[in-house]
Amino acid sequence: MAGFTILVAGVFGMIAVAYANTPIPKGTQADAIAQGSVIYYRDGKTPIGRVGQSRVNIDDINKIPRHVQDAVIAAENRSFRDDSGISFKGLMRSVWMTVTGEQVQGASTITQQMARNYYDGLSREVSAQRKIKEIFIAIKLNKEMKKEDILLQYLNTVPFGRGANGIEAAARAFFKKHVWELNEAQAAYLAGRIQSPTTFDVLEKEGKFAATQERFAYVIDGMAQLDPAKYGGLPAKYGVQGAKLVDAKKFPKLAKQSDKDTLGGLKGYMIIQVMEELKQGGLSPDQVRSGGYKITSTFDKRLMSAAQKAVKDRMRAGALSKEFHAGLAAVDPRNGRVLAFYGGDDYVTRNLNEAFDAKKQAASAFKPYVLAAWLDSGRSLTSFVPGNKTVPEELPGTKPIGNSHNVGAAIDLVTATAQSVNTAFASMGYELDEKSGTVGELSAVKQVAIDAGLDKGRMEQDVRDHKYAFTIGSALVTPVEQAAGYSIFANAGKHVDYHVVQEVKRGKLVVVPEQATVKNVISPEAAADATVAMEEVLKTGTARGKGIGRPAAGKTGTNNDEKEAWFVGYTPQLVTAVGMYHEQCYTKSGKRVPLKNLACPEKAQPKEVSLGFEGAGPPTDIWRAFMLEAMKDEKVEQFPPRSSTGQPDNIVPSPTPTPTPTPEDEFPLDGMFPPDNTDNCDPMDLSCNGMGDLDPGNGHGNGNGHGNGRGNGDPWGDNGFGQSPAMAPAPSPSGGRRTTTGTGK
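Following our numbering, the numbering of the sequence shown begins with 1374 at its first residue and continues without gaps.
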């Protein structure tokens, strides 16, 4: 007996020592004082929107009505006003569950929860050690703080869901009221949510309210038990019997939870793009929502509106239905900042961002990268390249490539660019490969494209799948990639990856600086000469007559059967890319059905169909309208003069006089490549099911067959080419060239 007494005394002695050695933490957890973040336009002054709830601390418990306080007490800790900071009954239950292994949690009083949620140094791990430390701190807090102060601190910090931390934020989020305006039912609903706010959020978003209705009834019944004189009539008033809700009509009506307030219209696209970039940089959405950051984006408010107007005006002018899609992106070539984009009219209605997410074949708008690789290798604009047929005629791993019009046997590079001659660029790609010993790899062209910011994986996959069709735009790109990619021409061969965040600050501290690393991709001389060729596109080429009254250059692009169309153009200060495509909805039986809320209805799949126009049409018109507005107050700057460096590399002999070509800009037409998957083909669509005209002599090509508008998967599928044809010997160049071959530098 004496031994047992000594043992008990020893145990209590150890507990007393542990209690004495457990101080009340001084630090505050970040979550306890978390604030929402604000995203601004590039001026750092005009807000785009707020992410996360703005915490509003109540400074006096008397500003929180007694019935709100009592609802929380009834939900979480009915003995709160009288206990010592812990519940011995609950504690014994918790200890028993811990010993038996059932769980290591529960039995937390409001004081314990406040300590756990507020003070730094108390982890939220599920362990007996943490629980004991929490109990010691709760007892000390109960001795040193008034009950009213503990409750106030708890109500200011506890999470309720919908991103709301603290009772005032919750009142606004769920009822659009101040806390002092809440009635008993609303208070009971919020109090019931404390138990599992995240779970309740998920359930209610799915339209499942049984769990929150159960908690509501539990709290109403608890309030009646807590103070029968004051709350005894609440169960009958709010349809509760035996702690069960029997009249759902008495359940409080919640404010509609809608993304319209935060993500509606254009701002949703901007906010999501900023959040995604920060996430990629290591700042999670939860951190942004609670970090109290000032986030300065790259977006210009006036130019964002101008981009939308340019697209909408042209859509209306052409009477284009909602089946027609357009994406626009404008990038400052000097620093990679995305100043404006058009991804859609309302993020809540259609969350696909056409400027950032829609991956489409670049078509002839890819050819400038071939030109860049050619010029950067030491070759010149004065080189003569094939016109009516490729050299060699059979390009390894590639179906025949031709043009839809007669351009003569040989043309110079300015003409080839202005008139967008397929055979010329495919032959240039082969020439670069043949001379560097990389036939079939397109190393130089691919490297320039990758260094200019086009997706490496997509570029490499496309070369594997389509070989020399890569040179005329078989690879998938987005408008923003193209806008940033052409920066190498506007900015003397230098590239900065596109980005949408200038700076993230918390107070005066810069948490995330701008990520704008400059990379030299091609020489300034190559950039200058490529620009000379692309200026001609707007003067005499495929987009002739659509300049903007100042030095500008660019390139049109039109995919097979006019399914996708592009214009990418620039001044020294701004590069803008516009891409368009046309989707219709079809059932498996081939029946066309209308869009529903800007998307194909259930059991219908999108299919790309002809736009009915080329890149020189609406895409160039949109580009021109936007650029006129964007550049109206900007200084007129000149491009660098033609460098005339490099040596001619005549793939074919210099030409005799040839007929004047008819400007066209088409990616090879249907018949060149089989589609990826014909399962969803319209049985009558021969270009889709691979049974169309496959005459190799017509210079036409088959389209990709992809029409999902999301850029998912391989648009071409298995290459289906079998063995590569024998390679015809390539002529030797007539002039010298640089020895570097694959780096584009």
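None of these hints come from the bench; they were simulated from the model.
These numbers come from a predicted model, not from an experiment.
Just to be clear, a hint being listed does not mean it is correct.
[Said to hold, decoys possible] Okay, the calculated beta carbon distance ranges per label pair: (1) Ser1777 - Gly1830: 27 to 37 Å; (2) Ser1678 - Lys1969: 27 to 37 Å; (3) Lys1581 - Glu1521: 34 to 44 Å; (4) Leu2001 - Asp1718: 15 to 25 Å; (5) Glu1521 - Gln1888: 46 to 56 Å.
Just so it is clear, CB atoms sit at the ideal spot from N, CA and C, and this is done for glycine as well.
Hint check:
1. Ser1777 - Gly1830: 27 to 37 Å: holds, 32 Å
2. Ser1678 - Lys1969: 27 to 37 Å: holds, 28 Å
3. Lys1581 - Glu1521: 34 to 44 Å: Given a distance of about 37 Å, which is inside 34 to 44 Å, the answer is holds.
4. Leu2001 - Asp1718: 15 to 25 Å: Given about 22 Å between the Cβ atoms, the range holds.
5. Glu1521 - Gln1888: 46 to 56 Å: holds, 48 Å
When each numbered hint is compared with the structure, no violation occurs for any of them.
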